[in-house]
Amino acid sequence: MSAPREHPADSAAADALRVRDLRKSYGGLLAVDGVSFEVASGEIVGLLGPNGAGKTTIINTILAVLMPDSGSIHIGRVDVARQRALALARTNFAAVYASLPGNLTVAQNLRFFGLIYRVRALSGRIEELLRQFGLEALRDTKCGVLSSGELTRVALAKALLNRPRLLLLDEPTASLDPAAGRDVRGAIRALARATDCGVLWTSHNMYEVEEVCDRVLFLSHGRILLAGDPRSLPHLHGARNLEELFIQLAREPLTHPAEQLA
Amino acid sequence: MRAAPVGAILLRQWYLLRGSPVRALPMFAWVGIDVVLWGFIARFLDSVSGAAINFTAVFLGAVLLWDLCGRVMQGLTTAFLEDVWTRNFLNLFASPLRISEYVTGLVLASIATSLIGLAVMLALAVPVFGLSFLALGAQLLLFLLVLYGFGVALGILASAMVLRFGPASEWLVWPIPALLSPFCAVFYPLTILPVWMRGVARALPPSYVFEGMRAALSGRPFAPLPALWALLLAALQIALAAWLFIGVYRRAVRTGLLARYSAETLS
Numbered sequence: 089m090s091a092p093r094e095h096p097a098d099s100a101a102a103d104a105l106r107v108r109d110l111r112k113s114y115g116g117l118l119a120v121d122g123v124s125f126e127v128a129s130g131e132i133v134g135l136l137g138p139n140g141a142g143k144t145t146i147i148n149t150i151l152a153v154l155m156p157d158s159g160s161i162h163i164g165r166v167d168v169a170r171q172r173a174l175a176l177a178r179t180n181f182a183a184v185y186a187s188l189p190g191n192l193t194v195a196q197n198l199r200f201f202g203l204i205y206r207v208r209a210l211s212g213r214i215e216e217l218l219r220q221f222g223l224e225a226l227r228d229t230k231c232g233v234l235s236s237g238e239l240t241r242v243a244l245a246k247a248l249l250n251r252p253r254l255l256l257l258d259e260p261t262a263s264l265d266p267a268a269g270r271d272v273r274g275a276i277r278a279l280a281r282a283t284d285c286g287v288l289w290t291s292h293n294m295y296e297v298e299e300v301c302d303r304v305l306f307l308s309h310g311r312i313l314l315a316g317d318p319r320s321l322p323h324l325h326g327a328r329n330l331e332e333l334f335i336q337l338a339r340e341p342l343t344h345p346a347e348q349l350a
Numbered sequence: 007m008r009a010a011p012v013g014a015i016l017l018r019q020w021y022l023l024r025g026s027p028v029r030a031l032p033m034f035a036w037v038g039i040d041v042v043l044w045g046f047i048a049r050f051l052d053s054v055s056g057a058a059i060n061f062t063a064v065f066l067g068a069v070l071l072w073d074l075c076g077r078v079m080q081g082l083t084t085a086f087l088e089d090v091w092t093r094n095f096l097n098l099f100a101s102p103l104r105i106s107e108y109v110t111g112l113v114l115a116s117i118a119t120s121l122i123g124l125a126v127m128l129a130l131a132v133p134v135f136g137l138s139f140l141a142l143g144a145q146l147l148l149f150l151l152v153l154y155g156f157g158v159a160l161g162i163l164a165s166a167m168v169l170r171f172g173p174a175s176e177w178l179v180w181p182i183p184a185l186l187s188p189f190c191a192v193f194y195p196l197t198i199l200p201v202w203m204r205g206v207a208r209a210l211p212p213s214y215v216f217e218g219m220r221a222a223l224s225g226r227p228f229a230p231l232p233a234l235w236a237l238l239l240a241a242l243q244i245a246l247a248a249w250l251f252i253g254v255y256r257r258a259v260r261t262g263l264l265a266r267y268s269a270e271t272l273s
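One line per chain: the protein sequences are A and B, in this order. So in my numbering, spot 218 of the first sequence is number 306, and the numbers just go up one at a time. So in my numbering, spot 170 of the second sequence is number 176, and the numbers just go up one at a time.
Hints may contain errors.
To be verified - Rough simulated footprint, nothing fancy, chain A against chain B, three-plus residues with beta-carbon under 8 Å:
#	stretch
1	7-20
2	93-106
Claimed, not checked - So the derived label-pair ranges between C-beta atoms look like this:
#	chain 1	residue 1	chain 2	residue 2	range
3	B	L238	A	A282	53 to 63 Å
4	A	R165	B	V28	44 to 54 Å
5	A	P266	B	A125	49 to 59 Å
6	B	W180	A	A173	24 to 34 Å
7	B	A125	A	A278	47 to 57 Å
No wet-lab data here; the hints were simulated from the structure. We treat Cβ as the ideally placed atom computed from N, Cα and C, and that holds for glycine.
Full structure from sequences and hints, please.
See below:
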């Protein structure tokens with residue numbers, strides 16, 4: 089059985105994100121059932137699972153747009169439930185279902201969100217991100233007419249505006265061609281290493297997860313079934329690769345989550 | 007309350023107006039149509055009635071002041087609906103933006119846009135139809151404050167309704183001023199209304215404004231107490247609407263409604 093990977097920044101003080109015993113139900117449906125995990129500074133953690141496993145619910149609770157029934161979430165040392173604005177000032181996110189307003193241009197969107205996040209030296213930061221994501225030529229183009237790949241780049245630029253300590257990426261490369269996807273993965277990896285930003289990454293592309301994530305958490309029916317290194321985990325469970333392990337877990341959940349994490 | 011996030015909400019409205027001049031048209035067009043239509047109706051009534059009432063002052067003045075109140079409400083609601091239409095809730099509410107900052111930004115955006123409407127209104131009504139709000143004296147400022155306050159309260163209430171009942175409830179919001187206008191006694195004295203309607207009218211700050219306006223135009227001395235009471239009532243209603251909005255927001259966070267406004271599913 090695989091235990092979560094050891095890494096130098098395992099202490100609670102260094103965690104970008106610490107989730108403890110998180111529970112959330114909708115009516116009678118238990119969407120998240122006692123989930124606990126950490127994302128260390130500079131670490132990229134993949135949150136994997138089939139549709140309906142509870143990934144987006146977990147992300148929404150971290151972003152404070154959904155209140156958990158119980159449990160705690162800390163971003164750095166800040167409790168999201170008690171100091172929402174302070175916690176979210178250190179966080180940012182990009183998700184396929186949260187595109188930026190299409191009736192504002194790329195530069196206007198970045199300025200709008202830069203003010204909301206109270207980014208210092210905002211004009212310079214916007215120029216830096218426009219360059220970094222190859223958006224200079226699109227700065228005055230309304231987001232509503234951009235291609236999905238361009239929109240993803242704008243969403244990532246917005247997500248990095250405040251130099252977050254925790255970055256939540258919900259299928260960030262879903263709309264990108266392979267070359268653009270590789271560029272984004274490279275950029276996020278470089279960012280995590282350079283800035284000590286912790287990243288929580290969801291994706292259905294297991295090859296991508298294997299390439300980019302330091303650690304993965306397999307989620308099913310609101311519980312973490314497995315956690316570990318995406319490169320060694322498949323072999324430990326008799327699967328050829330991560331995709332095969334994913335399918336195996338999605339179809340036949342392991343006997344008991346506690347046994348798998350032991 | 008931090009200035010930058012409030013400024014962001016205002017700046018967004020400015021970007022939208024600048025980017026699409028068509029958005030500015032309603033600020034001028036409906037006001038202009040109201041001035042022309044009611045200006046001629048009032049002029050006609052003045053010419054045929056022979057009554058002591060100055061219809062231009064009473065009717066046109068009332069229409070324009072009521073229109074202003076509606077513009078404030080619609081300005082605030084439209085600014086809020088921008089985030090519904092562009093599915094922007096998740097980006098906004100998953101940010102450090104505080105609800106108080108968001109609502110303050112919406113209120114300021116609405117006041118700014120309705121001031122433009124007020125300027126157009128005065129520019130047309132004064133020279134073309136000889137309407138003079140100056141006849142109302144200093145109490146005009148008090149009346150405007152009451153109407154702005156009530157418009158803000160209605161706008162926050164309407165936004166809370168859309169947040170609670172979903173984007174489709176937008177159609178419930180637009181007729182609110184029309185539904186309230188009979189109770190606000192915009193065109194007639196309160197005494198015309200049946201007793202139960204008068205009871206409702208007393209809870210609506212604009213009814214004090216229009217009663218006060220008619221009193222001032224008929225030469226009666228200014229009674230400050232009703233106007234001050236209306237101002238207090240409007241302030242209470244703003245506080246009540248804000249409390250309701252925050253309650254609806256908290257419920258939306260608790261139930262997942264806020265996340266569903268943007269996310270396709272709750273997986």
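Going through the hints against the structure:
1. 7-20: Coverage by chain A holds here, the residue count being 7 at a Cβ distance below 8 Å.
2. 93-106: Since three or more residues must qualify, the claim that chain A covers the stretch 93-106 of chain B holds, with 12 doing so at under 8 Å.
3. L238/B - A282/A: 53 to 63 Å: 57 Å, holds
4. R165/A - V28/B: 44 to 54 Å: 49 Å, holds
5. P266/A - A125/B: 49 to 59 Å: 56 Å, holds
6. W180/B - A173/A: 24 to 34 Å: Since W180/B and A173/A have Cβ atoms about 33 Å apart, the given range 24 to 34 Å holds.
7. A125/B - A278/A: 47 to 57 Å: Roughly 53 Å apart at Cβ, these two residues keep to the hinted range, so it holds.
Of the numbered hints listed earlier, not one is contradicted by the structure.
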